[in-house]
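Novice: Protein chains in written order, with this note's numbering: chain P, 1 to 114; chain V, 1001 to 1111.
Mixed in with the good hints, there may be bad ones.
To be verified - Straight-line alpha carbon distances no greater than 25 Å define the calculated SDA-like cross-link-like pairs of lysine to any residue that follow:
| id | chain 1 | residue 1 | chain 2 | residue 2 |
| --- | --- | --- | --- | --- |
| 1 | V | K1057 | P | R96 |
| 2 | P | K9 | V | V1045 |
| 3 | P | K9 | P | Q37 |
| 4 | V | K1001 | P | D40 |
| 5 | V | K1001 | V | F1030 |
| 6 | V | K1057 | P | K9 |
| 7 | V | K1106 | P | D1 |
| 8 | P | K57 | V | E1094 |
| 9 | V | K1071 | V | G1041 |
These are calculated hints, taken from the structure and not from any lab test.
Predicted model, so just to flag it, every value in this text is computed and none were measured.
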Amino acid sequence: DSGVTQTPKHLITATGQRVTLRCSPRSGDLSVYWYQQSLDQGLQFLIQYYNGEERAKGNILERFSAQQFPDLHSELNLSSLELGDSALYFCASSTRDRNTGELFFGEGSRLTVL
Amino acid sequence: KNQVEQSPQSLIILEGKNCTLQCNYTVSPFSNLRWYKQDTGRGPVSLTIMTFSENTKSNGRYTATLDADTKQSSLHITASQLSDSASYICVVSEVNYQLIWGAGTKLIIKP
Chain P
1 DSGVTQTPKH LITATGQRVT LRCSPRSGDL SVYWYQQSLD QGLQFLIQYY
51 NGEERAKGNI LERFSAQQFP DLHSELNLSS LELGDSALYF CASSTRDRNT
101 GELFFGEGSR LTVL
Chain V
1001 KNQVEQSPQS LIILEGKNCT LQCNYTVSPF SNLRWYKQDT GRGPVSLTIM
1051 TFSENTKSNG RYTATLDADT KQSSLHITAS QLSDSASYIC VVSEVNYQLI
1101 WGAGTKLIIK P
């Protein structure tokens, strides 16, 4: 158990809908990262927050947004969903900023868009 | 463009055998190189993190090596077990600390 909690574990929705994925980092970790992994593909970095502030952006679509709250949990919002958004979405946390420390990954949220 | 390439794409070995997975990268300079293990449908788990000055690092039956001159890393698994069946991912951190992820090697251990 990495200590990173992601909810929901599974989510099935329709095209055009909006969903919110939630991540609670390990106790004491200030950095939260979001990754997308499509079927049989590598991990794609989406976005990173450190202590409530956006730190780095990867290949995140404009339809996607995220935030980190004062209690350090983070939410990833996916809107106007398309079939191609079906994927595993992972959250990772770290004590440090800037990828200098070890990343601890949650078990992921599996999103299926029908 | 900075890249991380892993080989082989997939590998099948018998339980108890050793194997070596390769990682070649073009990221230069880099901050650190990591190996992760990802079970199917689960989150990646860190195996090793090496800075550019380290040549080898072990974690139980896993030993990672790094040659910064040739920009190559390898992950050696000794006495494989069925639970080693997973994808193994090489990740290189740029000096701006962005992580460049490899596509992974899918390892299958057969009894």
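Novice: Next, verify each hint and record whether it holds.
Specialist: Right, here's what the structure says about each hint:
no., hint, verdict
1, K1057/V <-> R96/P, "22 Å, holds"
2, K9/P <-> V1045/V, "18 Å, holds"
3, K9/P <-> Q37/P, "14 Å, holds"
4, K1001/V <-> D40/P, "23 Å, holds"
5, K1001/V <-> F1030/V, "14 Å, holds"
6, K1057/V <-> K9/P, "34 Å, violated"
7, K1106/V <-> D1/P, "22 Å, holds"
8, K57/P <-> E1094/V, "15 Å, holds"
9, K1071/V <-> G1041/V, "30 Å, violated"
In this structure, the earlier hints numbered 6, 9 are contradicted, and the remaining ones agree with it.
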